[in-house]
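Enquirer: First to last, the protein sequences are chains V and S.
The numbers in the working numbering rise by one with no breaks, and the one at position 241 of the first sequence is 241.
The numbers in the working numbering rise by one with no breaks, and the one at position 109 of the second sequence is 109.
Treat the hints with care, since some could be wrong.
[Stated by the list, open to error] Beta-carbon label-pair distances, calculated as ranges:
1. S:Val74 <-> V:Lys30: 31 to 39 Å
2. S:Glu120 <-> V:Leu403: 37 to 45 Å
3. V:Ala334 <-> S:Val74: 20 to 28 Å
4. S:Leu57 <-> V:Phe482: 54 to 62 Å
5. S:Gly122 <-> V:Thr510: 31 to 39 Å
6. V:Gly329 <-> S:His105: 48 to 56 Å
7. S:Gly93 <-> V:Ala16: 40 to 48 Å
8. S:Glu120 <-> V:Thr240: 57 to 65 Å
9. V:Val504 <-> S:Ile71: 13 to 21 Å
10. S:Gly75 <-> V:Ala530: 17 to 25 Å
11. V:Phe23 <-> S:Val74: 51 to 59 Å
It should be emphasised that the hints constitute simulated quantities derived from the structure, not laboratory data.
Beta carbons are placed, not taken as given, at the ideal position from N, Cα and C, and that holds for glycine.
Listed below are the residues making up each chain.
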Amino acid sequence: MSSQVLTSVLFLAVVALTVGITFWASRQNKGAADFYAGGRSFSGAQNGLAISGDYMSAASFLGISGAIALNGYDGFLYSIGFLVAWLVALLLVAELLRNSGRYTMADQLAYRMKQTPVRMAAATSTVVVSIFYLLAQMVGAGSLVALLLGVESAALQNLTIAGVGALMIFYVTVGGMKGTTWVQIVKAVLLMTGTVLITVLVLAKFGFNLSELLGAAVDNTGKGQAFLEPGLKYGVDLTTKIDFISLSFALVLGTAGLPHILIRFYTVPTARDARTSVMWAIALIGAFYLMTLALGFGAAALLDTGPESEVATSGGNLASPLLAEAVGGGEGTAGGAILLALISAVAFATILAVVAGLTLTSASSVAHDIYANVIKKGAASEKDEVRVARISAFVIGGIAIALSIPAQKLNIAFLVALAFAVAASANLPSVIYNLFWKRFNTRGATWSIYGGLLTCLVLVASSPVVSGSDTALFTNSDWAWFPLSNPGIVSIPAGFFFGWLGSVTSNEPTAEARYEELEVRAMTGAGSEAAVHH
Amino acid sequence: MADEPTPPPNADRAHDAGVEHNVYDHMHASADFQELRNKYRSFAIPWTVAFLAWYLLYVVMSNWATGFMNIQLVGNINVALVFGLLQFLSTFGIAWLYAKHMNKHVDPIARRLEKQYNEETGR
Chain V
1 MSSQVLTSVL FLAVVALTVG ITFWASRQNK GAADFYAGGR SFSGAQNGLA ISGDYMSAAS
61 FLGISGAIAL NGYDGFLYSI GFLVAWLVAL LLVAELLRNS GRYTMADQLA YRMKQTPVRM
121 AAATSTVVVS IFYLLAQMVG AGSLVALLLG VESAALQNLT IAGVGALMIF YVTVGGMKGT
181 TWVQIVKAVL LMTGTVLITV LVLAKFGFNL SELLGAAVDN TGKGQAFLEP GLKYGVDLTT
241 KIDFISLSFA LVLGTAGLPH ILIRFYTVPT ARDARTSVMW AIALIGAFYL MTLALGFGAA
301 ALLDTGPESE VATSGGNLAS PLLAEAVGGG EGTAGGAILL ALISAVAFAT ILAVVAGLTL
361 TSASSVAHDI YANVIKKGAA SEKDEVRVAR ISAFVIGGIA IALSIPAQKL NIAFLVALAF
421 AVAASANLPS VIYNLFWKRF NTRGATWSIY GGLLTCLVLV ASSPVVSGSD TALFTNSDWA
481 WFPLSNPGIV SIPAGFFFGW LGSVTSNEPT AEARYEELEV RAMTGAGSEA AVHH
Chain S
1 MADEPTPPPN ADRAHDAGVE HNVYDHMHAS ADFQELRNKY RSFAIPWTVA FLAWYLLYVV
61 MSNWATGFMN IQLVGNINVA LVFGLLQFLS TFGIAWLYAK HMNKHVDPIA RRLEKQYNEE
121 TGR
């Protein structure tokens, strides 16, 4: 059986498994709390697995190991930022948010502020962040399938994107949060298992000696010790160094502002379970990123990573699957074919689980924030709200498919880093201010969300990523005036500044008075949403 | 309605939203709650500052202290790799310390206050 056939069979097995889970989960979906928050009945460990499944996207699995394979140590810098970020979520956000919100990121702002403006602002940034993130995953899915099946056809890539889109709409509309969560749990287990397997096989080749593995990577790439030192990618000049600081802060501060991560804290019965879920997530995500070291340096040591190689031309995205083939016995062997197919299927499952989470998040925000609370002023029935959420999932899925097809030339890591920058600039300031600053109010919240969002988007549009450089989106014109490719270093402080400015220039006694209630509720869980018992 | 804050989402379940407001207000003023908030903030805020500074140090040194970062310690393992791995260790360690602190000093008070709230509002 050829590797392509085996890969296709395993892809179909992943699809069948996740579709089965979704049907099974849908039988327990009754009300809005089931659809949006899985009945708040997941345990801390289950939610920890689901968070890991939601967070470790194709950009982590394929992107980071690929970045290490090509740029050595500098690829590892991503892993560190992505992991340390979880301390912000654990210490400042997870538990307080669990107790003060209900279904969406906007809930905890609306608790003490004017509904219409804060919900509109939070829903806007939720949808923008989720769409950028969705584009990255779907573009990744298209190129992954084309490369793995060895078919360079635009039609096949478009078909894959449409297929992934159709599946994610199915998971969300049929399974709701329960189905989505179980898909993410299964994906996390598959991903960890696959990664452990390849890591052990790689390390076994070097007698479980890390130094020997690193030495082999240095020899094979011919880049010398510089391959193991920081600076190969970001140490070129002052601009790249500042860009690196900017990226680092977007990574560390973005996680706790990603709406699809925030709403996962609503799926557990208490704040203590939210804490347990983050502890599990930190353990799993940390272990995973440690293993990407073995995958990335293993790929550098065992594969051809020269400028003409498959690893390099795929931007590093094929490093992990090809490494699996190599440690399984190499091209043309049964072991190689099986491991290649297995790791490709894991990557595919990874993409499906992440896109489902993102679609659910956007659909929830449109239905709960915009439809139920802004348009219907809180008078919509639960049934209506869930119906609108399902319709929104269709519309958002459709938009994501339509945008992904022309976006296929965009760099996946860039899109993900941009989503993190928007999350850190537009969402994190309002979440932190709302939980910790009594004086924060409606104007502060809307200014920080719109201000952070616009600053971020304007700076990216004015950066060399969009125009003026050889790798830009528009290579023929040049209107770039902002030198950095990641806007975080300017846009994150801007988000905090606008939030402060808006608050101190307006007076809203109700927001301040309700802060004390919010505080008691957030810290004790008194009066917070309880789990649904069927 | 549009310009008012959301009523507590569970207002329909409580007897009277007014009772809830009063309960929250006097809970906020209680010594128990002040202690709870103090115990939480005195851990969370300094540790957040500490791990962000520690991370910034790592980022800055990766940029500008390459001579130090490139020193080889054992075989091909250099300071940069060990520093990166220490970021992993510190993340695991701070998470563990936080959970321990919350279990011991914060959860008992939070449980007591939640029980008090449920009794006073009849939930």
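Enquirer: So, for every hint listed, does it hold in this structure?
Expert: Against the structure, the hints:
no. : hint                              : verdict
1   : S:Val74 <-> V:Lys30: 31 to 39 Å   : 59 Å, violated
2   : S:Glu120 <-> V:Leu403: 37 to 45 Å : 51 Å, violated
3   : V:Ala334 <-> S:Val74: 20 to 28 Å  : 38 Å, violated
4   : S:Leu57 <-> V:Phe482: 54 to 62 Å  : 27 Å, violated
5   : S:Gly122 <-> V:Thr510: 31 to 39 Å : 26 Å, violated
6   : V:Gly329 <-> S:His105: 48 to 56 Å : 55 Å, holds
7   : S:Gly93 <-> V:Ala16: 40 to 48 Å   : 42 Å, holds
8   : S:Glu120 <-> V:Thr240: 57 to 65 Å : 59 Å, holds
9   : V:Val504 <-> S:Ile71: 13 to 21 Å  : 48 Å, violated
10  : S:Gly75 <-> V:Ala530: 17 to 25 Å  : 55 Å, violated
11  : V:Phe23 <-> S:Val74: 51 to 59 Å   : 53 Å, holds
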